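Number of protein chains: 2
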Amino acid sequence: MKNKEIPYKIYLDESELPKAWYNLRADMKKKPAPLLNPATHEPMTAKELEGVFCEELVQQELDCDTRFFEIPKEVRDFYKMYRPAPLVRAYCLEEKLGTPAKIYYKFEGNNTSGSHKLNSAIAQAYYAKKQGLKGVTTETGAGQWGTALSMACAYLGLDCKVYMVKCSYEQKPFRREVMRTYGASVTPSPSNETEVGRKILAEHPGTTGSLGCAISEAVEKAVTSDGYRYVLGSVLSQVLLHQSVIGLEAKTALDKYGVKPDIIIGCAGGGSNLGGLIAPFMGEKLRGEADYRFIAVEPASCPSLTRGVYAYDFCDTGMVCPLAKMYTLGCDFIPSANHAGGLRYHGMSSVLSELYDQGLMEARSVKQTEVFEAAEYFARIEGILPAPESSHAIRAAIDEAVKCRETGEEKTILFGLTGTGYFDMVAYEKFHDGKMDDYIPTDEELAVYRAKLPKIE
Amino acid sequence: MKNKEIPYKIYLDESELPKAWYNLRADMKKKPAPLLNPATHEPMTAKELEGVFCEELVQQELDCDTRFFEIPKEVRDFYKMYRPAPLVRAYCLEEKLGTPAKIYYKFEGNNTSGSHKLNSAIAQAYYAKKQGLKGVTTETGAGQWGTALSMACAYLGLDCKVYMVKCSYEQKPFRREVMRTYGASVTPSPSNETEVGRKILAEHPGTTGSLGCAISEAVEKAVTSDGYRYVLGSVLSQVLLHQSVIGLEAKTALDKYGVKPDIIIGCAGGGSNLGGLIAPFMGEKLRGEADYRFIAVEPASCPSLTRGVYAYDFCDTGMVCPLAKMYTLGCDFIPSANHAGGLRYHGMSSVLSELYDQGLMEARSVKQTEVFEAAEYFARIEGILPAPESSHAIRAAIDEAVKCRETGEEKTILFGLTGTGYFDMVAYEKFHDGKMDDYIPTDEELAVYRAKLPKIE
Chain S
0 MKNKEIPYKI
10 YLDESELPKA
20 WYNLRADMKK
30 KPAPLLNPAT
40 HEPMTAKELE
50 GVFCEELVQQ
60 ELDCDTRFFE
70 IPKEVRDFYK
80 MYRPAPLVRA
90 YCLEEKLGTP
100 AKIYYKFEGN
110 NTSGSHKLNS
120 AIAQAYYAKK
130 QGLKGVTTET
140 GAGQWGTALS
150 MACAYLGLDC
160 KVYMVKCSYE
170 QKPFRREVMR
180 TYGASVTPSP
190 SNETEVGRKI
200 LAEHPGTTGS
210 LGCAISEAVE
220 KAVTSDGYRY
230 VLGSVLSQVL
240 LHQSVIGLEA
250 KTALDKYGVK
260 PDIIIGCAGG
270 GSNLGGLIAP
280 FMGEKLRGEA
290 DYRFIAVEPA
300 SCPSLTRGVY
310 AYDFCDTGMV
320 CPLAKMYTLG
330 CDFIPSANHA
340 GGLRYHGMSS
350 VLSELYDQGL
360 MEARSVKQTE
370 VFEAAEYFAR
380 IEGILPAPES
390 SHAIRAAIDE
400 AVKCRETGEE
410 KTILFGLTGT
420 GYFDMVAYEK
430 FHDGKMDDYI
440 PTDEELAVYR
450 AKLPKIE
Chain Y
0 MKNKEIPYKI
10 YLDESELPKA
20 WYNLRADMKK
30 KPAPLLNPAT
40 HEPMTAKELE
50 GVFCEELVQQ
60 ELDCDTRFFE
70 IPKEVRDFYK
80 MYRPAPLVRA
90 YCLEEKLGTP
100 AKIYYKFEGN
110 NTSGSHKLNS
120 AIAQAYYAKK
130 QGLKGVTTET
140 GAGQWGTALS
150 MACAYLGLDC
160 KVYMVKCSYE
170 QKPFRREVMR
180 TYGASVTPSP
190 SNETEVGRKI
200 LAEHPGTTGS
210 LGCAISEAVE
220 KAVTSDGYRY
230 VLGSVLSQVL
240 LHQSVIGLEA
250 KTALDKYGVK
260 PDIIIGCAGG
270 GSNLGGLIAP
280 FMGEKLRGEA
290 DYRFIAVEPA
300 SCPSLTRGVY
310 AYDFCDTGMV
320 CPLAKMYTLG
330 CDFIPSANHA
340 GGLRYHGMSS
350 VLSELYDQGL
360 MEARSVKQTE
370 VFEAAEYFAR
380 IEGILPAPES
390 SHAIRAAIDE
400 AVKCRETGEE
410 KTILFGLTGT
420 GYFDMVAYEK
430 FHDGKMDDYI
440 PTDEELAVYR
450 AKLPKIE
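Chains S and Y, in that order, give the protein sequences.
Mapping the first sequence onto numbering that gives the first Met the number 0, position 130 (from 1) lands on 129, and the numbers just tick up by one.
Mapping the second sequence onto numbering that gives the first Met the number 0, position 81 (from 1) lands on 80, and the numbers just tick up by one.
Note that these hints are calculated values from the structure, not bench results.
Hints should not be assumed to be uniformly reliable.
Identical copies look the same in the list; a pair holds intra-copy or inter-copy alike.
Derived lysine-lysine pairs resembling DSBU-like cross-links, with alpha carbons at most 30 Å apart [claimed, not checked]:
{"#": "1", "residue 1": "Lys259", "residue 2": "Lys129"}
{"#": "2", "residue 1": "Lys8", "residue 2": "Lys255"}
{"#": "3", "residue 1": "Lys29", "residue 2": "Lys129"}
{"#": "4", "residue 1": "Lys129", "residue 2": "Lys8"}
{"#": "5", "residue 1": "Lys30", "residue 2": "Lys46"}
{"#": "6", "residue 1": "Lys128", "residue 2": "Lys46"}
{"#": "7", "residue 1": "Lys259", "residue 2": "Lys8"}
Here the structure is a predicted model, which means the values were calculated and not measured.
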């Protein structure tokens, strides 16, 4: 019945590891809107950005024309420790669902950071090292990005300073301990270490923090410390560039077996995984060489694409970062405390926002308990305990496969399994104990944050 | 300098997955001593064992002559979800150590159980299913075996009842939660559910349990429940048989590149990983076809090979199991509460005990803090956060590689990296905080337990 010639797991050879990252923006006719200086509302110059980011990363951030960026040898060598990542044919899941659909997933969880975040962490750490910096600062929410950056910095001998959203810091002591194992210093945010942190603490005593706030602290720390720059694990175009390695490998693996996906699904928080996974496929679509359906899956509790507006907004709560045009809920929006896992950023990558606005990509939101139901179902059948973030994509993939069962269509579905849930057992426990709810922000709530969006032009 | 033609990771093709397990006992001239009936001191018959274990597993347990057992198709299909496991060339570690040694490790941690335990769990669950049983019972200490068995049972639709050593149950709530995700029921041991549990609780109120005690409870539960059998994750010859898949894959991968290891190192608790890793290499040694050095590495806090005696002993605290001849510390021995991770069994696989007694294998013990130093060093260089158990082998591998640096010898070292440490962050935290000690039992203490060994002939 099934074409058993396709193995359960397709591992590319090391020699097939991509030699260059693919810059999707080069194939976009209408480019994403530029970052703006929050004071002048003029496009940010390289010089301005270089106070915050490493020089070569600034070049990558601003370049909408160069199609490929060579992956430095040092980064490729690091990649070889955990890449190529497997492309898995979900035979067991297909059989259990009784669907004629063919399901594939690109599994990025086989490394200690537990996710795809390492792909960009090592790149960003490499450029910081190359520039002769002492270290980097960053923020982390669920902790995957902070872990990934700690690993990359340990490998290169860079100092790593992580501001961890306070509620995660307290709820995920083991994530913290992994970062410590890799020599990083981890500070709960908001903290008293920065001016913006002190200001937020004064205005909101007892706050458990947010990603936007931790970003502000990390940026301030970078620009006020000698020999430090700030790095970010999602949202930015440079991150999507590095993450294109996911899609490039997936496409090479599928091409080897003559398989063309009909639907490509990824979870979407800031967009790092989704942007990386779809990049080469979307490139073909933009060039008119092939067509695919792309589905971004976001949490119903933080629905930037499905319920946000496409507008210029601050990337952080402290408003120290450049303005980015994106689908956003407003930079003060914080998802319900009951929301488990990542995907809690108020905005969305400018690249993906623009593609979505052009109608080249679909988006849907899913409720938390539906996500965990899919996660547990998947774990029992495919053996891998997925991260809550990744499980958003699993939910949508299962839903699409069930539709195929009903229509009899033999569609090929590809989704991104971004990581593992080993550090998310508190959330799983809540789910098992029936203590997880599906809080969804009301229109009135969203309107409050929307009203505070900066007025640009 | 380094032969870069060998990739960082050697992944065999699915078609190269072993089709049969290798039974090392077939090549042993002097066979391991048989299991004895504790009442009669006569060798256990198949019929007697079948009250406790599944029928086909009893055959495997008793068979010292059949060289290969075919791996059932269903088990091979399950293996394909996470196997072949990579053989990794530790280029980064070699470079950092500045050693001329070539270091390889077989990494068994890329699955949700986090260890090699899944290799035998699926085999044992399969035979239980085939026999038409309702479910299986088992014990777990560090939790890897319990997780693996839960996964296998979820996949096959078998009930799974796990007795978890109480201190682990309390210290590792996330392990418990993973098992629950896979539908297993988990009971802290000793419990009031069994006669032996009640007896132990009465004699030792407030005890935090031991592996030997949890085994007794699981066995009692199996033999007193309709449609249940007991399964065990280590020590037994059947387990070593299933785990031979580790060594067979490693050997195939090395042979492909014409590499012959000089030294093969594995951590040793009950012996499941070590026995599996060395099997095909030891087979060559026994048949006079090749020579290798084998090193078993055990914790100094539970030194069954290096400080135990080779004698018949009970496998469990409750003395409900058959007697096995093995290197043992005495069935009442419990390692210090300060001992982190697994490798806490009082005895050692009969097969490995016999090989060690014949001088075919070396053994050494290492202190806990030395193990965690090696673990953290390895994590920062090779990217993988190792389990404390696996880190015993890392310690010895590093020590051997450093010797090579001193002597200039270009030895090839192979070690087993059995699993990941994601659920061991409490132990890592202790280590970071300087709260880990190196308690080693005194000769006087060991003599007390030794005096209680059963007198057989």
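Which numbered hints turn out to be false for this structure? 1 and 3
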